[in-house]
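These protein sequence lines are chains A and B, in that order.
Position one of the first sequence corresponds to residue 1 (the working numbering), numbered consecutively onward.
Position one of the second sequence corresponds to residue 1 (the working numbering), numbered consecutively onward.
There may be inaccurate statements among the hints.
Using 25 Å as the maximum straight-line C-alpha spacing, the simulated SDA-like pairs for lysine to any residue come out as follows [what the hints assert, rightly or not]: (1) B:Lys310 <-> A:Val96; (2) B:Lys106 <-> A:Leu111; (3) B:Lys310 <-> A:Gln119; (4) B:Lys308 <-> A:Asp140.
Label-pair ranges, simulated between beta-carbon atoms [claimed, not checked]: (5) B:Ser104 <-> A:Leu80: 21 to 27 Å; (6) A:Gly42 <-> B:Pro84: 56 to 62 Å; (7) A:Phe16 <-> B:Val240: 35 to 41 Å; (8) A:Gly17 <-> B:Arg277: 51 to 57 Å; (9) B:Leu292 <-> A:Pro117: 31 to 37 Å.
Hint data in this document are derived by calculation from the structure and do not stem from the laboratory.
None of these values were measured; they are calculated from a predicted model.
Heads up, the beta-carbon is just placed ideally off N, CA and C, and yes, glycines get one too.
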Amino acid sequence: MNQEMALNVAGVAKSFGSLVVASDVHLSVAPGERRGLIGVNGAGKTTLFNMIAGELRPDRGDIHFFGERITRDSVIRRTLKGLGRTYQVSTLVPTVSVRENLALARGSGRLPSLWQPWQEAVDDDLLATADQLGLTPLLDDPVSELSHGTLRQLELAMVLARKPRLLLLDEPAAGLSRVERQGLMDIIRELPREVTLVMIEHDMDMVLELSERISVLHHGEVFAEGDPAEIAAHEGVRDIYLGRANG
Amino acid sequence: MRNDTPIIIGLIAVLLLWPLVMGDYAVSQGNRAMIYALMALSFSVLAGRLGWFSLCQTSFAGISGYTVAILGVKYGWPAGAVIPTAILVAVAFAVVFGLLTVRSRKVSFLMLTLALGQMVWALSFQWVDMTGGYNGISGIRMPMVLGINFNDDRIFFALLAVVTLLMFLGVRRLYQSRFGLLLLGIQENEERMRALGHPVYLARFVAFVLAGAIAAVAGVFLVFDMGIMSPSPLGLDHAVWVLTAAVLGGYRTLWGPALGVVILVALEALVSQFTDRHTMVIGLVLLLCILLMPRGLAEVFGQFRNRKAKSATASS
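So that you can see chain A by itself, here it is in the shape it has in the complex:
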């Protein structure tokens, strides 16, 4: 089964002291799939992302990426294998320009040149990605002066420039206006099928529209899984979101 899946999370658990954040998470995502990951605050969604990306090590369980066990790999090794992620809060370099941020997008796992000017890291391919995301007119603007929506676009451009095989989007629409959100949805919709997508999002309209399957996390476990219509009609999920399910 691991051979076929872009991502396979098997029995992953994580606790911080007495606080159990993930107790027994199982999640399988097929190559090219668009998967939504939802759940109320504190359900363990971002912790799960952190474990998949390598920023947290699970207490137990295993994570496979296109059939390869990555549970103990470092963040950099996972990135080099084709795993990309965005963060809830945009984490760019605000003191420099959009172009300079793009120049940082493609780390190779090795030390970059101490002599080569950074401008040479911004090649046509990188500029094309930036253009797809509407960043061309802003290339020389300082990142500290960008709107929240544009920051999201830049962050996405930096991750897409690496041509990831699996992309983890952590609340990509958080803080965006309706127009910005629509623009972001268009961008996500147009992502090539070579990119498998797992997305945490609180905007249910967006999740239901963009996801082919949705997993619902609750109390550190996958509580329900199905296509958007099944999840929208799921009585238990409704109870969770209305605060009627406690255990």
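Fit chain B to the known structure of chain A by using the hints.
Frame of chain A, contents of chain B only:
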């Protein structure tokens, strides 16, 4: 990086004219300023690019200085072998210190470098057989090369000016490189840089060793300039002096640390003519400068230049 060609041209002009038009005291102060500018540059590579405030950069200068003194005076090595060995020994220490500090964060890094610097300082006066203790090692002189006497202050100035300028231009290139940009990225968000495939610890380590190498070069000139090597330049007061100069000038910029050193050296020379309490007066001036310009003088000049450029663009 802004266009700093006018600064470089101005600096070259000053360095060319200084030994020709100034008196002996001013030339010797110029030598001192350049040596400390190199130490402040070493400090600012870490503070300005990585947000790492190091209190052991003067230790690397001290280590190379003591190596020159011990090998040259006690063991009679020729200067041609002493100088590169001294730099290599200091770099070796930077490698060890770098391995010890590379995973530390801002305050813990500061404390670790303070502890390491104090250890080197303590070693310098406690290992009396080797270092001469508090009295140090005297009789250190630059060699004659092709009949040129580098012990002449003005010739020493010319050599030091060339090396200082080359070091600053080298760091300028480093700041404009992919590596230099990565250091800024690490300062802002190291997790993000890791997620983009950059080896964060390796980059930090290399920056630390490079900064140590710059300080080591400064130490070689320091010992030849003073003619004696004692524990004094390794003390905490020297480390804080360098830190103060870099902060005053603007440690985030390339030229700011040198500017800070020049101002401090000039202030000390000027104020000490009028009062014995010059340290207190200088402290007061620094307090005001740092309160009014927390990002340093060079950044204030930079912002002024940016505003002028923007208003010129707007009016055209």
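Hint check:
Taking the CA atoms of Lys310 (chain B) and Val96 (chain A), the gap is about 18 Å. The hint holds against a cut of 25 Å. Restraint check for Lys106 (chain B) and Leu111 (chain A): satisfied, since their Cα atoms lie roughly 22 Å apart, inside the 25 Å limit. Proposed proximity of Lys310 (chain B) and Gln119 (chain A) is supported: the alpha carbons are some 23 Å apart, at most 25 Å. Taking the CA atoms of Lys308 (chain B) and Asp140 (chain A), the gap is about 19 Å. The hint holds against a cut of 25 Å.
Distance hint check for Ser104 (chain B) and Leu80 (chain A): the Cβ-Cβ separation is about 26 Å, which falls inside the suggested range of 21 to 27 Å. Here the CB-CB span from Gly42 (chain A) to Pro84 (chain B) is close to 60 Å, well matched to the stated 56 to 62 Å. Look at Phe16 (chain A) against Val240 (chain B): about 40 Å separates their beta carbons, and that is inside 35 to 41 Å. A hinted range of 51 to 57 Å holds for the C-beta pair Gly17 (chain A) and Arg277 (chain B), which are about 56 Å apart.
Between Leu292 (chain B) and Pro117 (chain A) the C-beta distance comes to about 35 Å, which sits within the given range of 31 to 37 Å.
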